[in-house]
Amino acid sequence: MTQSASTVDNKLFLGRVEEQKQYRAALHELLDTAKADDIPYICLLYGDGGTGKTTLAKRFRDIATQEKPFAEAFQYLWVDWEDERKKLTGLQVGREHVHAEAVFKGIYTAVIRNKWGRQFPAYRKALKQGEEAEQKVAEILTGDDGWDELAMLRSVGVGAIAKIIRSRIPLIGDQGEQLMQTFLDAGVQVGAEQAARLRAILETYLRARLKPDYFDHFLNPNEQLAYALARGLEKVAEKKRLLVFLDSYEVVDRADIWVRAVIRAAGPRVSWILCDRNDLVHSRQFGAEYFKGYADDSPRRLLAYQMRPLAVDDIA
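So for the sequence shown, the working numbering puts the first residue at 1455; every next one is plus one.
Keep in mind the hints are simulated off the structure, nothing from the lab. Fair warning: there could be bad hints in the mix.
Derived DSSO-like pairs: lysine-lysine, alpha-carbon spacing no greater than 27 Å straight-line [to be verified]:
hint, residue 1, residue 2
1, K1590, K1569
2, K1522, K1582
3, K1694, K1489
4, K1746, K1617
5, K1689, K1512
6, K1693, K1489
7, K1522, K1559
8, K1489, K1540
9, K1541, K1582
10, K1475, K1559
11, K1512, K1540
12, K1559, K1582
13, K1522, K1540
14, K1693, K1569
15, K1582, K1569
16, K1465, K1579
17, K1512, K1465
18, K1569, K1559
19, K1569, K1512
20, K1541, K1512
21, K1489, K1541
22, K1522, K1465
Sequences are here, hints too, so could you generate the full structure?
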């Protein structure tokens, strides 16, 4: 049986019949109040370049925003990370050096293009509080006389202090090499035990001199920004469910752990479609870190398609 002709960006779209069928079923599930869930839907399209990931994502976009009964219930946000990389200096680095703040900025930039900025006061406030927190720490570095044991850290600068305070204290059995290296990078030569002790003293010292909000933004800026960005997306989705498409996700997927923080916090009315050359479905070693795949993290509401070039049987 031949499928009726569809188009994507005014070009004929053929094949991917089963993928479209499953995607429509997922949309129906989202609209079925009897199947309410507190977990968002995530769709992963992954595979080599030129296998149709972007085209299928656009087809999914059109299904949700043009077909009945979905058209009145869904809206979408599209982020093409290749395009964003041309505009944002924070993305014009090697993949392993992409930071969460640059990824959040890319999503927020797309939000502004969609004229949804009024829904994101919390994100703007989080950015401002993060900047103010760093200014407060800089003032403490230059103006406070009670450093005592921490005197060796006064000259390292706010950036180095931030890296030290954001490094975790070693757990039992951990040799503390990562924290020790953070001190060495700041020009402070200490052993692992002294590094852990100084880091703990530094945290106590800053907590006593910063307002709780400022300390939280200095200690966990990515977490604060992720939650604030998620609150805005959740507000956008209050009237109509939101589909967030992240195309060319391989550009930023080393910061995936923080995108997942946004995904979880934004709630079930926001669904996510990620197009990536890398396999994010299965757990494995990913760079220097262990990567927990989406199949192990969010299996209940996950659609995952490994994209390959279409064969004749796929089109018929």
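Comparing the hints with the structure gives:
no., hint, verdict
1, K1590 to K1569, "violated, 33 Å"
2, K1522 to K1582, "violated, 42 Å"
3, K1694 to K1489, "holds, 17 Å"
4, K1746 to K1617, "holds, 24 Å"
5, K1689 to K1512, "holds, 24 Å"
6, K1693 to K1489, "holds, 19 Å"
7, K1522 to K1559, "violated, 33 Å"
8, K1489 to K1540, "violated, 41 Å"
9, K1541 to K1582, "holds, 22 Å"
10, K1475 to K1559, "violated, 34 Å"
11, K1512 to K1540, "holds, 21 Å"
12, K1559 to K1582, "holds, 13 Å"
13, K1522 to K1540, "violated, 36 Å"
14, K1693 to K1569, "holds, 15 Å"
15, K1582 to K1569, "holds, 21 Å"
16, K1465 to K1579, "violated, 43 Å"
17, K1512 to K1465, "holds, 11 Å"
18, K1569 to K1559, "holds, 15 Å"
19, K1569 to K1512, "holds, 21 Å"
20, K1541 to K1512, "holds, 22 Å"
21, K1489 to K1541, "violated, 41 Å"
22, K1522 to K1465, "holds, 21 Å"
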